[in-house]
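Undergrad: The lines below spell out each chain.
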Amino acid sequence: DQQVKQNSPSLSVQEGRISILNCDYTNSMFDYFLWYKKYPAEGPTFLISISSIKDKNEDGRFTVFLNKSAKHLSLHIVPSQPGDSAVYFCAASGGLEAGNMLTFGGGTRLMVKP
Amino acid sequence: EAQVTQNPRYLITVTGKKLTVTCSQNMNHEYMSWYRQDPGLGLRQIYYSMNVEVTDKGDVPEGYKVSRKEKRNFPLILESPSPNQTSLYFCASSLSASSSTDTQYFGPGTRLTVL
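If you're matching them up, the sequences are chains A and B in order.
Per my numbering, the first sequence starts with residue 1, numbered consecutively.
Per my numbering, the second sequence starts with residue 115, numbered consecutively.
FYI, nobody ran anything at the bench for these hints, they're computed from the structure.
Be careful, since some hints might not be right.
Stated by the list, open to error - Partner residues aside, some chain A positions facing chain B, computed with beta carbon under 10 Å: (1) K38; (2) P44; (3) F46.
As the list claims (entries may be wrong) - In silico lysine-lysine, BS3-like type, Cα no more than 27 Å apart, as pairs: (4) B:K171 with A:K37; (5) A:K56 with A:K5; (6) B:K171 with A:K5; (7) B:K131 with B:K179; (8) B:K132 with B:K171; (9) A:K113 with A:K5.
Just so we're clear, the structure is a prediction, and the values are computed from it rather than from any experiment.
From the three backbone atoms N, C-alpha and C, an ideal C-beta is built for every residue, glycine too.
Chain A on its own, in the form it takes in the complex (with noise of 0.2 Å):
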């Protein structure tokens, strides 16, 4: 059972307006959230993250929103450019045993029409 879920494959925008990219989890010892970027023949890099002390972290065009009582997450992309056209994945960490041990989601592809 996932964890940690993407429920959009795909997400389709129109240059200049937002992109939300939604993400729901279910462990509530998961304390760390992140957002990575994949672009086609490369390995993800490192987005945007949030600690679960906080709702809310921005980052320039990027923020993400985190929900806890209802274990959802978000990310917001604004204006959404065409260079942002990936596949995003959400993931989470936490507990006391967990360390660094990261729980992805299935990832949602982002289309940014010119």
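Take the given structure of chain A and dock chain B to it, following the hints.
TA: What follows is chain B alone, placed relative to chain A:
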């Protein structure tokens, strides 16, 4: 340049023929791990290592072996590959083995096909 390298990048092999995928990092990271990526399933951890000579199973370890004899290298070994191990494999490393907030850096991936 700080990086994680993997070799080979692409490999086609046949069932039962032992293979090794190498992984090396030049950042003096303690933590290294292997993931496989399959459609709809995201990245699933195969094995990880918290330091030299310390390895442990991840979520999907069956059919794989690893070793960590040196800090920089973490090879993935398939003793007898089977078609269900056809996948895209990523090696990753991070500075600390104990902190969940350390960023993991990923290699470029190895696409393996087992016929």
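Undergrad: For every hint, state whether the structure bears it out.
TA: Results of checking the hints against the structure:
A least Cβ separation of about 8 Å between K38 (chain A) and chain B falls short of the 10 Å threshold, and the interface hint therefore holds. For P44 (chain A), the interface hint holds, since its Cβ comes within 10 Å of a Cβ in chain B; the closest pair sits about 5 Å apart. Because the closest C-beta pair between F46 (chain A) and chain B is about 5 Å apart, less than 10 Å, the hint holds. In summary, the hint linking K171 (chain B) to K37 (chain A) is supported, as the alpha carbons are separated by about 25 Å, within the 27 Å threshold.
Between the alpha carbons of K56 (chain A) and K5 (chain A) the distance comes to roughly 20 Å, so the proposed pair stays at or under 27 Å and holds. Note on K171 (chain B) and K5 (chain A): the hinted pairing holds, with a Cα-Cα distance of about 22 Å set against a maximum of 27 Å. This hinted pair checks out: K131 (chain B) and K179 (chain B) have alpha carbons roughly 14 Å apart, not beyond 27 Å. Simply put, K132 (chain B) and K171 (chain B) have alpha-carbon atoms about 20 Å apart, close enough for the 27 Å limit, and the pair holds.
Straight-line distance between C-alpha atoms of K113 (chain A) and K5 (chain A) comes to about 25 Å, which keeps the hinted pair within the 27 Å bound.
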